[in-house]
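Each protein sequence line maps, in turn, to chains A and B. If you're matching positions, the first sequence starts at 1 in the numbering used here and goes up one per residue. If you're matching positions, the second sequence starts at 471 in the numbering used here and goes up one per residue.
Worth double-checking, as some hints may not be accurate.
[What the hints assert, rightly or not] Heads up, incomplete: computed chain A residues facing chain B, CB under 10 Å, no partners named: (1) Leu-13; (2) Asn-43; (3) Gly-114; (4) Arg-118; (5) Thr-153; (6) Ser-164; (7) Ser-220; (8) Glu-223; (9) Ala-266; (10) Arg-322; (11) Leu-331; (12) Ala-426; (13) Cys-429; (14) Thr-430; (15) Gly-436.
It should be emphasised that the hints constitute simulated quantities derived from the structure, not laboratory data. A virtual CB, placed ideally from N, CA and C, is assigned to each residue, including glycine.
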Amino acid sequence: MLGFSNISLSNFLFWATQKKWFFFSIILGVCLLNIPSPEGLPNEGKIAIIILVVALVLIIKEPIPLPAVAIFIIISQIYSNVDSVDGIAKSFMSDAVFFIMGSLMLAVVIIRQGWDSRIALGILKITGNKTSNIALGFLSISALLSSFIGEHTVAAIMLPIGMSLIRFTSSDLSQIKGLSATILFSIAYGCLIGSIGTPSGGGRNVIMINYLNQSDISISYFEWMVRTYPFILFQIPIVNWVINRTFKPEYKILDSSIRKLVIKVARSKSMTGRNTLTVLIFFLIVLGWVFLSEKFGLGTVALSGVFIYLIGGFVKWSDLNRNTHWGVIILFGSTISLGTSIRLTGAATWISDKILYGFGDVISSVPFVSDLLVIFMTTVMSNVLSSSATVAVLGPVTLNLVPEMLDVGLLTAMSSAFSYFTAVAAPACTIVYSSGMVKASDFLKIGFRVGFVSIILLIFYVNVYWPLIN
Amino acid sequence: MKILIAIGSKDFSKPTLKLGMKVAQAFNAKTTIIDVGEKISEFSSQLVELAQDQLESWDFDAPGVDVLEWAFNYLSQNKLIDTKQTETGFPKNRLIDDGEGRKMVYLSGTACEDVNLILRNGDIIAELREEVQFGEYDVTILGKSRKRNMSHDLLQYINSSLLIVNDYEDQKFDKILLPLDYKDGMLKVAKYAIRVALALNVGIDIFTVFDKDKSQKKGSNYFSKIIKFIRRSGVQYSHEEKQGEIVEQIIKKADKNKIIVMKASDMSPIKRFLKGSIPLSVMNECDVPILIVK
């Protein structure tokens with residue numbers, strides 16, 4: 001046909017089918033561009049929303065590489081005059097992006113310090129040999145650590161401990177499906193639960209602080225903890241109960257597997273002075289987040305830590321460079337810049353007005369509806385997108401829904417951690433899923449239960465506890 | 471001759487590996503066994519890699535290594551690889567990452583040429599296509615997927631002949647069904663059918679179906695040559711002609727005991743993409759192994 005060989009036609013067709021979602025998103029974007037702006041929505045706002053819709057399709061379906069999506073978001077905003085080059089560049093490199101960059105780099109350093117064996121011994125000393133207590137131990141330690149370190153780092157540290165315990169119980173995994181799921185979901189969900197506890201628990205918390213700061217609202221590290229940490233403490237026993245009830249571990253006592261794990265840990269390399277120094281430096285970083293972040297930003301403190309690790313020779317740049325996903329960093333930068341544009345062009349106000357209009361008096365007259373609405377939107381989106389990207393694009397909208405911006409901002413950040421339903425929504429879940437010991441259907445099975453319980457608990461929490469401390 | 475055998479799990483891939491290795495032996499082919507693991511979201515890919523590194527320090531294998539180990543044990547038990555290599559078990563330390571997202575181990579075969587084991591991650595069609603292009607394979611062998619789209623994509627985008635294995639058992643298949651028409655380009659298909667028939671020690675049923683709407687064509691010299699070629703190979707054969715709907719007749723004739731060997735469609739890729747093809751319809755509807763020769 002037209003001089004093309006069958007192989008080149010076949011190559012073209014393959015390329016086109018691989019990119020079908022890209023073509024779909026572009027056609028969708030062009031169609032939306034040709035629809036006149038609705039009343040009250042400025043043209044720049046309409047374009048910003050269209051870029052968001054196209055970007056969401058591209059991020060979820062991944063027909064093109066994520067860095068390409070990031071570049072698309074940036075250039076399309078500039079070409080369509082949504083914002084100036086300087087404006088985009090300014091919103092692109094925010095403290096939130098510094099934090100995400102620093103946090104991913106810190107993960108590379110921390111994961112390799114041999115903390116896993118110490119943590120394993122610590123958990124087993126506290127919990128003893130009862131399976132339900134061990135699961136609670138995994139859930140609690142994962143939650144506690146991820147509230148400071150970041151869910152992905154903790155999941156990577158905890159996974160080998162959990163898998164070793166499972167393997168020492170039985171080499172035939174089909175005989176211990178319930179136990180495997182109990183231990184591994186305790187790790188994954190522990191990481192998610194804990195990540196809301198402090199601003200440094202996840203990039204999404206810092207993104208929300210960034211948006212709150214743009215609206216002249218500030219919240220310190222400690223204030224954030226006071227408002228969110230008790231929720232973690234409520235969630236831990238309840239989620240532990242739900243996990244145990246759902247998967248029903250085959251063994252109630254894990255005596256011999258614990259002994260084997262202790263022997264394995266005892267044989268592993270002992271921590272060196274350098275490993276201890278790494279821990280001390282990380283402790284200083286946490287102190288920096290608590291006391292200096294309001295002035296200098298969480299990202300600056302995280303990058304300072306990376307700087308110390310680099311000049312101290314604790315990690316090589318080549319190692320950081322190889323293991324840091326720069327594409328994800330620039331994608332977060334671009335989604336934050338798009339979120340800022342959505343706010344500045346009035347698109348966020350327009351969307352929230354439409355939502356408020358759609359619900360009529362229900363939001364103001366029926367209690368908890370506004371909370372439920374924010375939680376529902378955020379939970380759904382964070383399960384198909386990613387929690388940080390969800391906060392980046394949804395944050396400006398939810399902040400306009402109710403007058404109490406701080407409360408709704410925190411509510412958005414907290415519910416973005418409810419990525420319980422799919423294996424791909426949160427890095428902690430993907431890491432656990434990659435072990436091959438749990439199935440994608442397990443996430444749905446337990447996700448609905450934990451998600452439902454967490455939503456009810458959060459509504460109860462924000463309406464009872466927050467009024468007490470306000 | 472180079473053959474690529476795609477396996478996916480210890481539970482379901484045994485028929486594929488069994489038939490695949492028999493065919494590889496028949497062709498004395500250089501064989502690669504590949505496991506394509508699930509695609510990881512780009513968002514978390516780097517973090518998952520970090521976690522996998524951490525798991526390796528606790529003596530856990532990367533996902534998919536267990537499937538390759540199972541394949542190695544199968545080869546070893548059936549003496550399809552050099553016994554010197556089987557003494558110490560699966561050589562995990564020789565599983566080399568080539569930096570292109572593939573982990574591989576080289577083994578030397580006994581019944582066929584070298585056997586390689588490869589591990590890749592990602593979209594199955596894209597990964598197989600890349601591997602076939604990279605390794606210039608002649609035949610790709612894999613199990614049947616329940617997804618209809620997958621058969622279409624395999625036929626459309628994999629640039630090699632395809633053997634789709636459906637529930638293969640040694641005793642069950644006693645014939646090769648060779649649907650032939652009087653068009654050119656059938657000699658290669660006949661050669662493949664003869665090799666497979668010799669490997670499985672079965673006869674060939676040559677089957678010519680005339681479309682019920684078209685008038686019957688007369689046999690060509692070319693067709694006689696093919697029949698002569700099969701006769702000379704020493705394989706027992708029979709020839710039957712029938713009129714009717716082609717796909718339906720082939721499936722009916724294949725029944726549950728014949729392995730189909732047929733020619734891929736001659737249509738242009740765009741026509742095939744839009745209209746489908748006879749081999750695709752047969753592949754979708756039959757319950758027996760089918761080799762589509764490109």
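Evaluated hints:
{"no.": "1", "hint": "Leu-13", "verdict": "holds, 5 Å"}
{"no.": "2", "hint": "Asn-43", "verdict": "violated, 32 Å"}
{"no.": "3", "hint": "Gly-114", "verdict": "holds, 9 Å"}
{"no.": "4", "hint": "Arg-118", "verdict": "violated, 14 Å"}
{"no.": "5", "hint": "Thr-153", "verdict": "holds, 9 Å"}
{"no.": "6", "hint": "Ser-164", "verdict": "holds, 6 Å"}
{"no.": "7", "hint": "Ser-220", "verdict": "violated, 29 Å"}
{"no.": "8", "hint": "Glu-223", "verdict": "violated, 29 Å"}
{"no.": "9", "hint": "Ala-266", "verdict": "violated, 14 Å"}
{"no.": "10", "hint": "Arg-322", "verdict": "holds, 9 Å"}
{"no.": "11", "hint": "Leu-331", "verdict": "holds, 8 Å"}
{"no.": "12", "hint": "Ala-426", "verdict": "holds, 8 Å"}
{"no.": "13", "hint": "Cys-429", "verdict": "holds, 9 Å"}
{"no.": "14", "hint": "Thr-430", "verdict": "holds, 4 Å"}
{"no.": "15", "hint": "Gly-436", "verdict": "holds, 5 Å"}
Hint violations for this structure: numbers 2, 4, 7, 8, 9, all remaining hints satisfied.
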